[in-house]
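Please take these sequences and the hints and turn them into a complete structure.
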Amino acid sequence: MMVLIPSPLHSYTGRAEVEAEGATLDEVLRDLDRRHPGLRFRIVDEQDRMRPHVRFFVDGEQVFDLGQRLEADQSVQIVQALSGG
Amino acid sequence: MAPRTPKRRSGPSRGPVVLVATRKGAWIFRADGSRRSWRTDGPHFLGQVFHHLVLDPRDGRTLLAAASTGHLGPTIFRSSDLGRSWKEATRPPAFPKAGEGEKGRAVGHVFWLTPGHPSQPGTWYAGTSPHGLFRSGDGGESWEPVSGLNDDPRYREWMGGPQDGTPDGPKLHSVIVDPRDPAHLYLGMSSGGVHESVDEGRTWQPMVQGMQVVDGFDPATITFHDPHCVRISPANPDRLYQQNHCGIYRLDRPATTWVRIGKAMPRSVGDIGFPMVVHPREADRAWVFPMDGTSVWPRTSPGGRPAVYGTSNGGRTWRRLDGGLPKRDAWWTVKRQAMASDAGDPVGLYVGTTSGELWASRDEGRRFTCIASHLPEIYAVECGEPAR
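So the protein sequences, as listed, match chains A and B. When you number the first sequence by the numbering used here, it's gap-free, plus one each residue, and the end is 85. When you number the second sequence by the numbering used here, it's gap-free, plus one each residue, and the end is 388.
If you're looking for bench data, these hints aren't it; they were derived computationally from the structure. A portion of the hints provided could be inaccurate.
[To be verified] Calculated from the model, a selection of chain A residues having no Cβ within reach of chain B, i.e. all distances over 12 angstroms: (1) R15; (2) E19; (3) R35; (4) F41; (5) G84; (6) G85.
[Unchecked claim] Chain B regions said to be covered by chain A (calculated; three or more residues, Cβ under 8 angstroms): (7) 62 to 75; (8) 94 to 108.
Idealized CB from N, CA, C, for every residue including glycine.
Structure follows, in structure tokens:
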């Protein structure tokens with residue numbers, strides 16, 4: 001499936017949209033990390049918690065659970081809710 | 001016999017590098033041999049939060065940088081060619097995954113980096129926020145938690161939580177490796193005391209005797225002790241200096257009671273501040289950068305008149321050093337990592353302000369000049385001798 005990557009993470013992917021596979025959001029993020037090493041730890045901490053101010057959407061709907069099941073024809077969007085100066 | 005820091009005499013060739021970590025990236029300033037001319041190299045990683053940037057003195061070319069980015073998680077960047085190229089750590093410092101029903105800790109940012117002992121090339125230590133100690137054995141590529149500290153139940157209690165420590169989280173800082181013994185370590189924790197290990201971090205003991213705490217609190221409670229910066233004398237590793245939330249201290253081992261040498265500072269200036277720097281070759285010489293610790297603790301230069309204070313007798317007396325610095329209306333804050341010395345003769349001193357200015361002295365603080373301004377908020381200043 002396609003995953004939309006926010007600009008602060010383009011140094012890992014080289015582009016804004018990349019492919020990743022998985023039956024859950026967690027599996028997709030782990031696959032992303034295999035393809036683009038280091039990316040996952042910047043957005044999910046060592047306790048498998050989404051980092052504050054990083055938002056995950058599936059087909060435009062925000063999700064809060066890494067265990068969220070995904071269908072192959074869905075798309076994932078990752079957003080960094082940048083704030084502050 | 002303690003190892004001596006090699007003296008670098010001034011000359012026409014290359015001088016030291018000054019490594020500046022800021023809230024919006026890193027800069028490297030390269031001096032000529034006279035330290036009169038500086039070349040700016042940067043920004044590196046513009047926009048990324050850099051808490052510390054350190055040159056490995058064991059090879060003179062490896063840089064490690066503690067970084068985070070906006071709201072992204074923390075990481076370590078490594079350069080083996082003095083900043084020409086960078087590579088990210090494959091496994092940055094991270095606490096172990098908590099068991100079922102336990103509350104897990106997550107590294108907010110890496111705050112402090114210390115190269116390991118010269119006999120252990122590739123070894124580095126990292127201090128984090130929240131409090132945590134990590135070690136790398138492969139030059140910063142991968143990191144493991146130092147469980148002897150991080151998981152000791154006493155230390156878990158003293159480390160406190162997010163509501164303790166500094167506004168952006170409690171810091172583990174001042175990781176010191178005894179130059180005579182790689183197993184002998186010290187560290188400081190903001191709101192958590194000073195601690196010593198003699199077995200390479202497997203076990204730790206508090207070392208807070210003699211240190212004062214805020215009036216009305218019990219100094220027997222480790223968590224009330226707030227060291228800001230602890231330094232070891234390279235010339236005499238039995239001597240430690242400390243700038244604390246409650247004064248300036250000295251400790252001569254094997255004694256275990258800190259002596260408040262800041263009492264000798266002028267009363268109008270006080271002995272509150274963040275950084276402390278020790279002369280590379282003379283154990284009796286050290287410098288601090290006092291800040292206002294009265295009323296609501298502005299933590300700015302007292303009276304708006306910035307100055308370094310230096311001692312040449314182990315803190316019995318202090319001398320004001322403000323040549324070249326603004327004489328009035330300068331409300332500087334200098335963070336605990338933002339003052340450093342080089343190994344030159346005479347020693348060079350470097351001070352970075354939160355208002356983005358980098359000041360340098362080629363004569364041990366007698367006269368300062370501004371070598372960079374309009375930088376982002378400076379978090380850390382380190383100095384190193386690049387390989388020839």
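Right, here's what the structure says about each hint:
Even its closest Cβ contact with chain B, about 18 angstroms, leaves R15 of chain A beyond 12 angstroms, as expected for a residue assigned away from the interface. Look at E19 of chain A: its CB is around 22 angstroms from the nearest CB on chain B, clear of 12 angstroms, so calling it non-interface holds up. Against chain B, the non-interface label of R35 of chain A holds: every CB pair exceeds 12 angstroms, the least being about 15 angstroms. Non-interface status of F41 of chain A relative to chain B is broken: a Cβ of that chain comes within 12 angstroms, the nearest being about 5 angstroms off.
A beta-carbon of chain B is positioned within 12 angstroms of the beta-carbon of G84 of chain A; the least distance is around 8 angstroms. Not every C-beta of chain B lies more than 12 angstroms from that of G85 of chain A, the closest at about 10 angstroms, which undercuts listing it as non-interface. Chain A is given as covering the segment 62 to 75 of chain B, and this holds because 6 residues of the stretch bring a CB closer than 8 angstroms to a CB of that chain, at least three being needed. Residues of the segment 94 to 108 of chain B lying with their CB closer than 8 angstroms to a CB of chain A number 9, which satisfies the three-residue condition for coverage.
The structure fails to meet hints 4, 5, 6 from the earlier list, while all remaining hints are met.
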